[in-house]
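Number of protein chains: 2
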Amino acid sequence: MAVNLNAPEPASLLVIDGIELGVAEAGIRKAGRRDLMVMRFAAGTRVAGVFTRNSFAAAPVQVCRRHLGGGQAIRALVVNAGNANCGTGERGLDAALATCTAVGGRAGCDPSQVLPFSTGVILEHLPVDRIEAALPACFSSLSADRWAEAAGAIMTTDTVPKGASRRVAIDGYAVTVTGIAKGVGMLQPDMATMLAFIGTDAAVAQPMLDRLVREVAEVSFNRVTVDGDTSTNDSFVLIATGATGAPMIDGDGPGYAALRAAVESVAVTLAQAIARDGEGATKFITVVVEGAADGDEALRVARRIANSPLVKTAFFASDPNLGRLLMAIGNAGVHDLDTGRVNLWLGDVQVIENGGRSASYREQDGARVMRLDEITVRTALGRGSATMTVWTCDFSYDYVKINAEYRT
Amino acid sequence: MAVNLNAPEPASLLVIDGIELGVAEAGIRKAGRRDLMVMRFAAGTRVAGVFTRNSFAAAPVQVCRRHLGGGQAIRALVVNAGNANCGTGERGLDAALATCTAVGGRAGCDPSQVLPFSTGVILEHLPVDRIEAALPACFSSLSADRWAEAAGAIMTTDTVPKGASRRVAIDGYAVTVTGIAKGVGMLQPDMATMLAFIGTDAAVAQPMLDRLVREVAEVSFNRVTVDGDTSTNDSFVLIATGATGAPMIDGDGPGYAALRAAVESVAVTLAQAIARDGEGATKFITVVVEGAADGDEALRVARRIANSPLVKTAFFASDPNLGRLLMAIGNAGVHDLDTGRVNLWLGDVQVIENGGRSASYREQDGARVMRLDEITVRTALGRGSATMTVWTCDFSYDYVKINAEYRT
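Keeping their order, the protein sequence lines are chains H and U.
With the working numbering applied, the first sequence covers 1 to 408.
With the working numbering applied, the second sequence covers 1 to 408.
Some clues are possibly wrong.
[Stated by the list, open to error] In silico negatives: residues of chain U with every beta carbon more than 12 Å from chain H:
no.: 1; residue: 3
no.: 2; residue: 10
no.: 3; residue: 30
no.: 4; residue: 34
no.: 5; residue: 43
no.: 6; residue: 55
no.: 7; residue: 124
no.: 8; residue: 145
no.: 9; residue: 172
no.: 10; residue: 173
no.: 11; residue: 206
no.: 12; residue: 257
no.: 13; residue: 319
no.: 14; residue: 321
no.: 15; residue: 340
no.: 16; residue: 373
[As the list claims (entries may be wrong)] Covered stretches of chain H, as calculated for chain U (at least 3 residues, CB under 8 Å):
no.: 17; region: 114 to 125
no.: 18; region: 319 to 326
no.: 19; region: 392 to 405
[What the hints assert, rightly or not] Restraint-style ranges between C-beta atoms, simulated for each label pair:
no.: 20; chain 1: U; residue 1: 387; chain 2: H; residue 2: 376; range: 55 to 65 Å
no.: 21; chain 1: U; residue 1: 398; chain 2: H; residue 2: 33; range: 29 to 39 Å
no.: 22; chain 1: U; residue 1: 340; chain 2: H; residue 2: 129; range: 20 to 30 Å
no.: 23; chain 1: H; residue 1: 215; chain 2: U; residue 2: 31; range: 53 to 63 Å
no.: 24; chain 1: H; residue 1: 42; chain 2: U; residue 2: 295; range: 47 to 57 Å
no.: 25; chain 1: U; residue 1: 347; chain 2: H; residue 2: 376; range: 41 to 51 Å
I should point out that these hints are in silico values taken from the structure, not numbers from a laboratory.
Ideal Cβ positions, reconstructed from N, Cα and C, are used throughout, including at glycine.
Can you build the whole structure from these sequences, using the hints too?
Shown next, in the form of structure tokens:
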């Protein structure tokens, strides 16, 4: 059901020198599917990450934060699907650390140089023994050209693996950026999405890499919502191997700007892929809020529109029941909103003019836009100059079906 | 599909001396159903109301606020279903005022002594001519014993009319309280629910009536949510005719307390009826948050649980996928939440103990509670002594169906 989204051609996901990927079947939750993925990094690689703001951050997220803050170089990461290892207390932390120990043993590094990630059901204990049993197969499959397989191994209710690559010239060096992501539900990332990994062979100093991952998260994964529920396991990790041999990017300048543009382009593509593959999605919706007093206000209005069950079911039905958009804007908690200055367009059709139904609006024009499978809602609040864009999907029978039957 | 909710027996809705009700078919949106209701009040009646906090308050809400603030005694109210008269600009205000003029002409009072209410589709113009044409039939049906019919005439996607009565002795006088309400979707009242009217024959001074309507709204209609979307037309009106001849309640004291208890009991019954008849509901869910630092925090956590699409679909599926409850609590934005102090019970079964899966928890115990059609989720945050209760329903295929097909 993904909206205008196909699995990336494996060859389109470009190799990043210094990163190898391996996959295996661990049978974490279901047999007969690849659900374990390892990435191994060459010496000199730098890693930065941002993680969920949910108070119940999962055990692997807690371990990632500790290992990234420990000052040691990260040399590998491990991802399991089928179990989130969240709400599992000390036993969950032990399980995440045991996974790091097992991976570190094979990668030839300390457990503190391994980042663990989990995605799946919350409140169930992680079967570490199955991960340990599958690691030999996972390591023996390590190869630089397995990005597409890795994208498949981290999926849960995703219907399409998600990946993208860009190539950009920086200081005369050809720099490559490749990323993969997963996540289609419990999805309104509040720092980054549920598992996105972007690698580059650029050389980036740690402070600039830390800044880059935050800046890019803000304009990509943090702009997507499927259902307004922020996962306990959201993680976005950026890996820079420096394998091009180009000079280190250690401050602002054209090199940073060029790399940022490439990383952002990959991240936005992945973020939009998440909304296109949102649980039960039949439509891809872009919500643009203009003329807000500040960015927070713009984001609040955009998310309120994008998360309203009534707005989302109207899109599913292709029904221009557009008063629901007005209702959602009015609920965004904008202090002293002068409704008489609010305008709204559905695609190229003005629906709301100065706070009320536009005199020029005709139902058949709204219906024409609503039948499309990619729709932009744009509203201007008339309060300032801040603008924000959010990507989402509609709300269908299949969202209910997928989430009612998730564990069966 | 309403959960353990039947239409009230007409005789169970007790007459309020001083209030007459009439209904008629105006054909606002659909033919062949009663969609117009008028209440007429005896001289000496006092009226107080609370209304939506949505920035796009509908035209009738704006007129109600103006008429209630005008200092003149309210002598009638008029309600139409099928059209919300919202997002309709000056023309919408004119339509609401024209309705007041038509009703005032028949009730023998000034238009400013009439309160108008509308419920239905947003962003469409109100056909005042149809209301005017149906008013003669509506007025000729005026009678004190038509509360049940009135409850039916104000419904939109409601499947069951909602009403309740209580009788209480105050200062030796028998005081009666009767109320009706409608609303099953676009429903997270932020002051009062979408159309609730409660009448009493008690005599209440205006300042105490204004206080009573606010106090009761806070613990009844403001504690319900179906989908987290606050309507543009929410209105809760309390009418005190004083027909018992009892002394005026003009301050705190046992009389006020007794009346408040009776009005609150009617309001809570109506509020719960709204959740029981929530769009597509198959289960009635009570969410209790204890041990919060303050009431706002408790309400925020309770609403986050009650509005999470993932929590609601798990209830629909009777699936004890209870990690979703933990996820929702973690998303409520509670500053510095010590997750290690959080406990959670599903019915009588402890699921989360000190922030993690309870050692005593067994899946079959959770499954047993989830199969019930009335379920209480109780969580203790371990931060203070504030408590809050919210009522909601689950999220089913039929919610999507009802809202995707609402206008067809």
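Verification of the hints:
For residue 3 of chain U, the non-interface assignment is confirmed: its Cβ lies about 17 Å from the closest Cβ of chain H, beyond the 12 Å cut-off. The beta carbon of residue 10 of chain U is kept farther than 12 Å from every beta carbon of chain H, the shortest such distance being approximately 32 Å. Residue placement check: residue 30 of chain U keeps its beta carbon more than 12 Å from all beta carbons of chain H (closest about 16 Å). Non-interface status of residue 34 of chain U relative to chain H is upheld: no Cβ of that chain comes within 12 Å, the nearest being about 23 Å off.
No beta-carbon of chain H comes within 12 Å of the beta-carbon of residue 43 of chain U; the shortest separation is about 37 Å. The beta carbon of residue 55 of chain U sits about 4 Å from the closest Cβ of chain H, which is not more than 12 Å, so the claim that it is off the interface is violated. In this structure residue 124 of chain U is not separated from chain H by more than 12 Å, as the shortest Cβ-Cβ distance comes to only about 7 Å. Distance to chain H confirms residue 145 of chain U as a non-interface residue, since its nearest Cβ pair spans about 36 Å, more than 12 Å.
Against the 12 Å criterion, residue 172 of chain U stays outside the reach of chain H, whose nearest CB is about 46 Å from its own CB. Its beta-carbon lying about 42 Å from the closest one in chain H, residue 173 of chain U satisfies the requirement of being farther than 12 Å from that chain. With a cut of 12 Å on Cβ distances, residue 206 of chain U stays outside the contact zone with chain H, its closest approach being about 28 Å. Residue placement check: residue 257 of chain U keeps its beta carbon more than 12 Å from all beta carbons of chain H (closest about 34 Å).
With a closest Cβ-Cβ approach of about 6 Å to chain H, residue 319 of chain U is found to fall inside the 12 Å limit, against its non-interface label. Non-interface call for residue 321 of chain U relative to chain H: violated, since the shortest CB-CB distance, roughly 5 Å, does not exceed 12 Å. Listed as a non-interface residue, residue 340 of chain U fails to keep its Cβ farther than 12 Å from every Cβ of chain H; the least gap is roughly 8 Å. At roughly 16 Å, the least C-beta separation between residue 373 of chain U and chain H is larger than 12 Å, which holds for a residue marked as non-interface.
Proximity of the region 114 to 125 of chain H to chain U, defined as three or more residues with a beta carbon under 8 Å from a beta carbon of that chain, is established by the 5 residues found. Look at the region 319 to 326 of chain H against chain U: 6 of its residues bring a Cβ nearer than 8 Å to a Cβ of that chain, three or more, so the hint holds. Coverage of the region 392 to 405 of chain H by chain U holds [criterion: at least 3 residues with CB-CB distance below 8 Å; count 9]. The hinted window of 55 to 65 Å between residue 387 of chain U and residue 376 of chain H is violated, with their beta carbons roughly 44 Å apart.
Distance hint for residue 398 of chain U and residue 33 of chain H: a CB-CB separation of about 32 Å, consistent with the stated range 29 to 39 Å. Range check, residue 340 of chain U to residue 129 of chain H: about 27 Å between beta-carbon atoms, so the 20 to 30 Å window is met. Distance hint check for residue 215 of chain H and residue 31 of chain U: the Cβ-Cβ separation is about 58 Å, which falls inside the suggested range of 53 to 63 Å. Separation of residue 42 of chain H from residue 295 of chain U is about 55 Å and conforms to the stated range, judged on CB atoms against 47 to 57 Å.
For the pair residue 347 of chain U and residue 376 of chain H, the beta carbons lie near 45 Å from each other, so the given range of 41 to 51 Å is met.
Checked against the numbered hints given earlier, the structure breaks hints 6, 7, 13, 14, 15 and 20 and satisfies all the rest.
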